Amino acid sequence: MTELETKIRAEAERLLTEHVVDVVIAFRQEDAPLHPQPAFFTRAEELESLTYNGLCANNLANYLTRYPQETRIGMVVRGCENRSVNALLVEKQHIRENLVLLGIPCEGILDWRRIVALTGENVLSVEEKDDSVIVHTHENTFELSRVELLHPSCQRCLHPNPISADVLLGEPKPEGDPTLMRLRIEELEKLTPTERNAWFKHEAERCIRCYACREACPMCYCTECFVDHTEPRWTESGVTPAGMQAWHIIRAFHQTGRCTSCGACERACPMDIQMTYLTDKLNLDMADAYQFEVGMDAETQPPFATLTLDDKNRFIAQGKRS
Amino acid sequence: MSTTPMKIALFQCRWCLYSPEDQAWVDNDLPENIHLVKVPCTGRIDPLFILNAVQGGADGVMISGCLPEKCHFKEGNLAARRQLAEFSQFLDYIGYAQDRVRFVWLDLQDRGRIQRELAAFESALEQLGPAQTLATRAPAATGGTHD
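In order, the protein sequence lines correspond to chains A and B.
The working numbering puts the last residue of the first sequence at 361; the count rises by one with no breaks.
The working numbering puts the last residue of the second sequence at 578; the count rises by one with no breaks.
Honestly, the hints are just simulated from the structure, not real lab data.
Misleading hints may appear alongside valid ones.
A short, non-exhaustive set of chain B residues, derived as facing chain A with CB atoms under 10 Å [claimed, not checked]: (1) P471; (2) G487; (3) G526.
Here are a few chain A residues that sit away from chain B, every Cβ distance over 10 Å (derived from the structure) [claimed, not checked]: (4) E42; (5) L43; (6) H58; (7) D70; (8) P107; (9) A156; (10) D169; (11) E182; (12) E228; (13) E270; (14) E275; (15) E332; (16) D350.
In this text the structure is predicted, and so the values were computed from the model without any measurement.
From the three backbone atoms N, C-alpha and C, an ideal C-beta is built for every residue, glycine too.
Could you put together the complete structure from these sequences and hints?
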């Protein structure tokens, strides 16, 4: 058990035994060493199985909307999860007073697919030591560099530290470099429209419409998604080019000013489809046009919800040009 | 110059044409290549509607609405402007040129402007040629889904 796990467990135990919260949302180690699962602890005795390591890939804020607002929730949050919680609070999906956020400065999530690609599938255990990751398999032991195993979204991460946690466990990490995300989008923007379209189609055409990205996303909490709506049917629901492209376009667009770039959608995707190049583009547009960054506090409404007549100047200038 | 006329989807706010002659022209005398979708306000236009038009093979999308401050519902057009302007940029990002989505914000004195705007848009589209990047849905007659 690592030092951080001990701290989390002690804090979670305190919250549960003192009845500060009804449930603690964290991770649990299961049989598969590469896949710790989200866990919901309601009694202190259950905390034995609580775990935390770089392989915890889910965005736990996803589970916030599955509880009634009266439920007092203790939650382990990293930087992106904290911002997702803030974005959900902006949308009145829970009450801040009913939340206890156990903040963890995040070192980035390890991409299990990269580990499997380098070591093979027979992984027995994974150990993290400073900047390296030691993977034991049936046959061998591998020592891998942590930076190379990071999930792409985590390599581009801007705010690894929780910004509004009630308890901060661990030392704050340095902030990320904002140019990394911008560079990637600008590189795509430099391509011709046909090339960008080819890139988009190449990603979208692998989709099997399992909606794992939607289920993993904390901001996709609609009770009925537009793709499940049958009367009227807004888009094709089969695995057709029109349906797959519409899903990717509209799913991303519904995240405008709401996505925290945590990358949970990409980690959940069984087809390894890239999606953050869509939402990152929308986030950058929001930052450029409205100086808005998602989840930096629990009050600021996203740009699409804060229209004012001040838009008039922008409105007419663009109207004349087009 | 192509021989087949460019297909245009025209989303029209029902309050934006102040002159009855213009409205009558749009309602009755639109050329066949222009598909009219009348909405109660531009704020009603979901990006999905535009995407459906684009996937259905529209070479261009024109959105006609009222000026800011003149919206029948006070701020519907402001909401539309923020969303749809961003959506057109987003479509551009994935390969549907931004010039193919055009906004026209009409005022009281803009009598007859909608005809001019449509004609100008059509000739601009002819320069661009037919849009093929996102047209994925088969026409209804050949088994595609209906609108």
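Structure-based check of all given hints:
no.	hint	result
1	P471	violated, 17 Å
2	G487	holds, 9 Å
3	G526	holds, 3 Å
4	E42	holds, 44 Å
5	L43	holds, 39 Å
6	H58	holds, 44 Å
7	D70	holds, 41 Å
8	P107	holds, 30 Å
9	A156	holds, 28 Å
10	D169	holds, 39 Å
11	E182	holds, 40 Å
12	E228	violated, 7 Å
13	E270	holds, 12 Å
14	E275	violated, 5 Å
15	E332	holds, 16 Å
16	D350	violated, 5 Å
Hint compliance for this structure: hints 1, 12, 14 and 16 are broken, all remaining hints hold.
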